[in-house]
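Residue numbering for the sequence shown follows my numbering, starting at 1 and increasing by one per position.
Below 25 Å or equal to it, Euclidean Cα-Cα: the simulated SDA-like pairs (lysine to any residue) are:
id, residue 1, residue 2
1, LYS86, SER52
2, LYS320, THR292
3, LYS251, PRO184
4, LYS327, TYR282
5, LYS327, LEU384
To be clear, the hints were calculated from the coordinates, so they are not data collected in a lab.
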Amino acid sequence: LYASVDLRSSAQCQHTLSFLLTHPHIARCIKSLVVRPNNEQWIQPEHGALSSARDVESWVVVTIDQVAIHLVNLQTFIWDGKEFPKYDNVWQSLRMSCPELRHVGVTVGLGDFTFRFLFQFDDLVGFTLRVKQLVGSLHPPFDELPQTLWDMLLNRCPNLQHLTIDTVNERYIDVRPLFQGRWPSLRHLTLGDFVLLDAFATVESVANNGTSMMNFLAYHRSLEHVTLHQLEGWYFPLSLSLPLTSLPNLKHFSARFLMLRHLPDVLRLESLELTNHPHGMYTISGALWALTQLPALLSLRIWIDCHDSGDADVKSDHTKYFTEILKCAPRLLYLDISCSSDPTFPMIELSTALNRPHRLRSLVVTQVKKSSREGDALKDATMLFRQSATLRYLRLQDVVARWRHPRDLRYQKVATFEIVASPPVLAVHEMGHNRKGLRMCRTYRHVLK
1 LYASVDLRSS AQCQHTLSFL LTHPHIARCI KSLVVRPNNE QWIQPEHGAL SSARDVESWV
61 VVTIDQVAIH LVNLQTFIWD GKEFPKYDNV WQSLRMSCPE LRHVGVTVGL GDFTFRFLFQ
121 FDDLVGFTLR VKQLVGSLHP PFDELPQTLW DMLLNRCPNL QHLTIDTVNE RYIDVRPLFQ
181 GRWPSLRHLT LGDFVLLDAF ATVESVANNG TSMMNFLAYH RSLEHVTLHQ LEGWYFPLSL
241 SLPLTSLPNL KHFSARFLML RHLPDVLRLE SLELTNHPHG MYTISGALWA LTQLPALLSL
301 RIWIDCHDSG DADVKSDHTK YFTEILKCAP RLLYLDISCS SDPTFPMIEL STALNRPHRL
361 RSLVVTQVKK SSREGDALKD ATMLFRQSAT LRYLRLQDVV ARWRHPRDLR YQKVATFEIV
421 ASPPVLAVHE MGHNRKGLRM CRTYRHVLK
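From just these sequences and the hints, can you work out the full model?
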């Protein structure tokens, strides 16, 4: 029960960490611990005993430092707060108290990267660094990561399997030293907005830095999951040319669909994410073409926005888009659609698209809903399950406003539906905020007639 613990709110952090302090025998069962104080995923901030975001995170990190001595079986620790933990000693406590700890992750806010103890780990198999703080500037800063980080990763972690250096804002990270790394076991790679070229790039620097990235990808034949966010502007080469033998084990790719042309072999690609930018009537054709090039595709996440043309009548094209997606990827089992159109589409349009032959077993739909749709979620779910003979899992996610960037998503309500019996019965779980703005959570079952 406690092998993997993910604390998704300040309240959960406060409650569970207090519990672990007084129940050390439970703490010894934990192998993976993720803490997300001040989680901004939901539309309303929590109002608890802890008054400010800084107070919340200070309390959480000090408590983790106290609990660390009992986390003897901990293998993964992820800090996902608004800021880097101000109490830097927590990393030393985790390193000394958790002999099995091999995967470490952290988020940082606005500021430098001068940490004393974070980069003293040895032989990690996973490392995650995410920059979350927004930068209010038309000219985002270029950040160089400390040499102590590169020394840890390049020289003391030869068995690295998971590596993430990501940003969710307009802050660019210089990752050129990363491409010196050689990790024979590397399977998962995620890179966010990063600097690959000099600010005043010459032809020589373009060639050198582009070549270093190509050599890096060509060497790591073990890569199975690759995520490259954004990749635009003056600081990234316009083209990459990989050897035909590169990335033979690649199964998952997340980037702009134009990046697919740089992959030497996409015939075995099973999972694709197109969520960096919205696809509307002017760009959806390119994304659909990309799907036709992936005969083994089983899973797709895509962000669409049908109002990019400014045409109020374009709403009627939603059914066409959904139908074309299923037509271009006939083997899909898992489909995740985020639609930032406002007003959004009625669920009947998606239901109509499900008329065509398909193999979908799991469907996730994110829509703009300005008020909580109490009762509507079950009605929509029932309609979709009746339309699809293969669907077994459905997740409906409501956000309150149209978003321009994935970081702006704020959920108002999330409802999950799963067929658990025959004759079909839906297991339903709903959580979020009701029309009065109060937090709600309920679980029930509904018979599909």
